[in-house]
Structure formats: structure tokens, C-alpha cells
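Taken in sequence, the protein lines are chains A and B.
Counting from 829, one number per residue, gives the positions in the first sequence under my numbering.
Counting from 5, one number per residue, gives the positions in the second sequence under my numbering.
Careful: at least some of the hints might be erroneous.
[What the hints assert, rightly or not] Heads up, simulated SDA-like pairs for lysine to any residue below, C-alpha to C-alpha not over 20 angstroms straight-line:
id	chain 1	residue 1	chain 2	residue 2
1	B	K195	A	D882
2	B	K185	A	V888
3	B	K202	B	D418
4	B	K593	A	T838
5	B	K195	A	R865
6	B	K269	B	R502
7	B	K185	A	R865
8	B	K433	B	L443
9	A	K848	B	F506
10	B	K256	B	E274
11	B	K195	A	L870
12	A	K885	B	Q474
13	A	K879	B	S212
14	B	K142	B	L105
15	B	K323	B	A380
16	B	K484	B	P85
17	B	K484	A	D882
18	B	K195	A	T838
19	A	K885	B	K202
20	B	K137	A	D882
21	B	K195	A	R841
22	A	K885	B	K484
23	A	K885	B	R208
24	B	K202	A	D866
25	A	K879	B	E495
26	B	K185	A	Q843
27	B	K256	B	L273
28	B	K345	B	L329
29	B	K9	B	E698
30	B	K195	B	H662
31	B	K137	A	R865
The set of hints was computed from the structure by calculation and includes no laboratory data.
Take a look at the letters that make up each chain.
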Amino acid sequence: MAEITSIPTTYTRSQEAFLKSAEEIQQLVRSVLRDERDVMHLRRRPEIHQKILDHVKRIVR
Amino acid sequence: MILEKLIVENFRQFRGRQEIVFSDLRERNVTLVHAENGFGKTALLNALLWGFYGYEGLTDDVAHKERIIHEASAVRGARDPERTAATVTIQFRHEGVKYTLTRSLSLAVQLVDHKKTLLTLEVLRDGQTLTEKMPQAKIQSMMPDGISQFLFFNGERIDHLAMEDSAPQVTDAIQQMLGLKLIRAAIDDLKHQNVRGKLRSDLRDCTSDEKAALLDEQTRVDEQVTQLTEKRSLTHRNLAAIEDDLQKINAKLEANRAAHELQAKREALEKQQRELIEREATVTKRLGQLVAEDGYTLFAEGLVQRGREIMTRLRSENKIPARVLNTFLHELLERGRCICKRHLDAGTDERAAVEELLTIAGDQHFNNAVGSLDNAIGVIEGVLQRTRENLQDANRERLKAREELVIIGETLDDIHQKLGSKEDEEVHKLEDTRHKLQLQRDEAISELGRIDGKLQELAAERDRLRDAIQRIEDNEEAAKRAQRRLDSAEESIALLERILAFEIEDLRPILNEEINRHFKKIIDRGYWAELSEDFVLSIRKSVSVDEGENDHVLDVAQSTGQRQVTSLVFIASLVSLARRRAEIPTILKGITGAEYPMVMDSPFGQLSTRFREGVSRWIPDLAPQVVIFASSTQYEGAVAGVLRESKRVGKRYYLSYHGPHLQPDARQELVVEGQHLEQYFESPEEYTEIIEVEA
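From just these sequences and the hints, can you work out the full model?
Pasting the structure below:
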């Protein structure tokens, strides 16, 4: 357990990669992940594609 | 999740209502179900899976998946198909809340669509019972079907995880169990035709003909990538199935008296072959390193020799080392006085004599440079000599491995010829099937190589097209916007793929610590288990080659039993990390730890006595709740002794089988903790009952 709790609280590599990306991309990724979280376990999720498209169109003008 | 009770009614071979109450005690967390082969172990495991996930949850080894209702009961209930049904009820706790899940399938529905089951999920909260409106979605959120294969499994069928070509399954397991499925789902959906394809078609509609043509080409490349990726995953699955079939054939040959000796020899040789291949790969890698780091010395040999000749000549001419330095003579001339106190005034013989010395004097810088060169030549000569020796050693080792591989290959072929020509018809057939399977395996491996090569080509082609598309400037605002949107989707995909790779890579060392911690509890013989950088699960050992040299780390060619242990250890490590997931850094918010039970059919199946002892000692610590199904032969001896001693078994049941025949390896009587229990009853109708063993 100690080896895990001792990991320093600096940014992880994935956090760094995310923060280095453009604000627009960060916003898009956040929105997609938020919607995916609700439906990721469902076998049928017909609305997710339209929701992602809407996010792209809303964020990238 | 903690399982409390399972009730099966007319499900598969369970006739009428049968139930198991699982042990939920922390200190006695093992529920043990004794069952001979053919008595219903697989059906019991599938009762849980069917309960949670319906038809989709049933394992591949279930025959006639369309016949869910107990067959004789279905025949008897034919007159009342609406009221004749198979039902599975599971009571469980999850995050402090009690649930009752009931899935049923009536005969009337089974005849039309056996996949269409009726599911209800009741929640007991604050003394009230509520019914979930979307029961399947709720179950998926508590225990996604992707992780069920790692929680409810046949122990004899998990060893494929520890095979070299199982890296995709291993990374998938990490994603599923440690909450990274969310990122994978987001990537897949962004890449989907309805998203990326739609954005591309939006751009195509308003851009130039030139760009539209490139976009079409890109779509074609993407379609090929999708098809090939699916083909790759199918080929991987086929390969695992082929390996599985090969092992079964090997076991049958081993059990056959006419083939036993040759098969045992073949298995030993194949183990040796795998070790030699590994050794050859290690030596080849070492050779590559040697050439990359010190290989230049071999090409510098002529230069070194020339340098040495020059040095020798300069020495013979007394030019090195210089007897007197020009800087010293200049200093004397400048001072106008020699070290012998004579004056060196202009025009004097003394000054002329010193000036003459300047023609043979050496230069300080030249002297230093020659000294360094001499030293460097010496060093290079040393490295050259060592490199030559090391290369010769490595080549000799590689050659030896190759020669041994040729001999082993010939001996294996000889064994194949002998077994294939045996008069025993069964051996002949088994050998023939084995040979076909080996050819299929080789084809599958080649196919994977071809697919990977083609995918690399397509990835490069895709990048080229993307750059070409981006270089063409659009004039219309609508086209510019459409291009920006497509670019953003592509960038988001690339970012998420990078994030997923980092998350998995960063989990690897943590997982490795966990894997080793578990592995050490089972076996400690200078071996360790490891998840390599390319996500291959292996057992490794350190081999000392020469005194003073670093030890070589080698993969241990694993037997089926060792692979089973390694896979089990890997799954246990994932379950254990899933439990304390909240402590492990991740970019994803809201990932909490989750407890799961582990239900294992025949976890001791292919293990040797030594492993059985270790595994049974360790198994109660695998998960907060452990359910084991074991036959008499798997249980008695080491397993029984260790479990008795540990006092971790909280509940014990056995399956009592009624049927026309008893399988050859099944026993009529079960002897458990001094009790003799009749477990087989001859009967024209086949059915199984679940009976609790009283302590």
C-alpha cells in the first residue's frame, strides 16, 4: 500500500498531456467523457453519436 | 458486491428449486461447492452469469444455449408453456444496498426467442422495496459485463492470458477492471462513422474537388483500418481457441497409454524449444546492443593500426616523447640567459646553439596530443579486443541455440511421424488433429503479422492524407469551419489515445508490484511474475552466465499449470487494485474502489501438487468473497489439507447428480471431512440437486 500512497501528488503524464492540449480540445474531451460516463455500460446507446456531434459543433465555431 | 444467495429453478440441469447461501464472513469467506465432472459445475457458474447478463453472459462452453429450461421439465410443462419457466434469483449487496435480481424465461418465450428474458431488480432501501426501472443498465453500472469474465470463470480456461500473443486481452482486462473503459468508449465513438464520418462528409460537401477526393480516400483507409482491426481481434480469439484445443489434444495424448511416452518427451522438447527460442532472442538482442555501442571499433581496426605505426615511427625517430620543448627554449631566448647561467645575447655562439635546438624541439601541444592519442589507441585496442571476443561468444551461443533448435525440430518431427503412424486409431486421429491445429496456429500467427504490417502501412497513409488535406486551404467560411471541426475531432481522438496509453503504462509498475506480491505467496524459487513493457505476462528467472558478468533474465517456458497460476495471479491483482482504485492516480474523476466476489470453476484443475498447495493457501485472500467449484480429484490431498488448516471455508455444498450414466472420472461417493456422501444416483432422467454439507 505504501508504494502507492507515496506517489507524489504532481501531475501524471496523462494529466500533463491533457493540460498541454488546446483549450478547445480540452473542452471537447471533457464533454465527450461526461456523456460517455452515463452510457458506456449500455449495449445500445443510439444518442451518444449525435450528442458528440453537437458538442463538436457547439465548441468549434 | 457480495453475493448472498442464489436460487435456481429449472435452470439447465437443475430441476425444481435449488439454492446456495454464500458465506459472507470476512474470516471464512470461501464457499466451496464439491462437484464431479458432468454434475453441473459449468451450469452453476452459468446460472450466475445468466442471472446477471442473460443469454449474452453464457460462457462459450455451454452447449445448446437455446435450451435454458430443464429439459424434462420443459417436456412435462409443454401443455402449460406460459407457466413452465427457468428462473434464477440472486440476492446480493453492493455498496451497502441490498438487491434481489430475478431473471426468468418461460417455455412459451424460449420456443420463440430464447434470448428474450424477463428481468427484475428490486432494491431494499430504508425498509422499503423499490423496483429499478432499467434493471440491466443498473447491473451493468455495478458490474459491467466486460469484467464478469475476470470474476466468474473456469480456472482451466484462463491460462491463455499468460500466452505471448495475449497482450490485447491483457490490456483489455486492465481497461475493463480499472475503469479505463470510459476512455476507450469515447475514442471508439469519436472515430465512429456517425461522428468522424459525418464531420468528414460535412467538409466534403463544401470543399474543393481536390480535397473531396482526398477525403474519400481517407474514408476508404479508415474503413480498411476498421475491418483489419476487427480481423485482428478475431484472429487473436481464434488463436486462443486453437491453443486451447491443442492443449486438450496434448492432454488426451498424454493420457493414452500408446502415446504417453512419446507425448511426454515431446512436451519436454517443446518446453526446451521455447526456452531456446527465448535464449536466441536474448542473444540476438545482446548482439544488436554490442554492435550499436562498440561495433565502430571493428571498423576502426585499420585506423588503430596506422596510428600505432605512426607512434612507433615517431618514437624510433626520438620525436616522442620530445627531449626538449620549444616553449622552454623560447623562454630561455626571451630571458637572454641559459639555465647554465650563460648569456644568450644576439650574435653569440651560445644563442645560436639554443636556436639550433629549436629545430629538433617538440611542441607542448603536440606532445599532449600524442600522449592522448597513444592513450586513446590503447583504449580502442582494448574495446576492440573485448568487442571481438564478445561478438564471437554471442555468435557462438546463437549458433549453438540454432543447432540445438534444428536437432529438437528433427526429433519433434520424428515423434510426429511415430505417433502419426501408430496402429492405435485414436492416437492416429489425435495426432492428425494436432498437426492440423498446429498448421492453423502457424497460419493465425502469420496472419497477425500480415495484419499488423498492413495496419502500419495504413496508419502512415492516413497521416499522409491528413497532412495533404490540411495543406489545401479552403476559401469558403463554411468549409474552413468544417475543416476545423474535423481537425478537433481528430485531435481529441489522438489526445485520448495518448492519455489511455499513459494511464495503462503508468498502471503497469503498480500492477507488477501487486502481481509479484501475489505470486510470491504461491511460489518462491528465484522466479518472479512480470507484466512486460509490451504487456505479456510471464514468469521470469535470473540466470548467471559468467562470473563477474551481469545475470541474464530469461522467460521461463511455462507449462499449462504455470500459465494458469500466472493468469490467476494477474486477475487477482486486478481485483485487488480495483478494490483500492481510488488510491491510484488517474486523470478520470469519480473512479471509486469496488469490491467484487470471485467465482471459480476448477481453479486447481491443471495444477501440480506444489501449485495446488500454494494456490489453496492464497485463494481465500484473492477477494472479499470467494466461491470455488472443485471435483474430488482436484480437492483431495493438498487442497483439502490447506483449506482445513486455514479454516477459511464458511459454507460447503455438493452437487448430487441423477442420470443414466456416471462419467468415467466421476466418483459415486464424496468423502469430505470424514463424511461419506452419496452423490450419484442412477436415474433415467437427468437432473442435479444442490445439497449443503453440514459442518
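Which hints, by number, does the structure contradict? When the structure is compared with the hints, numbers 2, 3, 6, 13, 16, 18, 20, 21, 24, 30 turn out to be violated.
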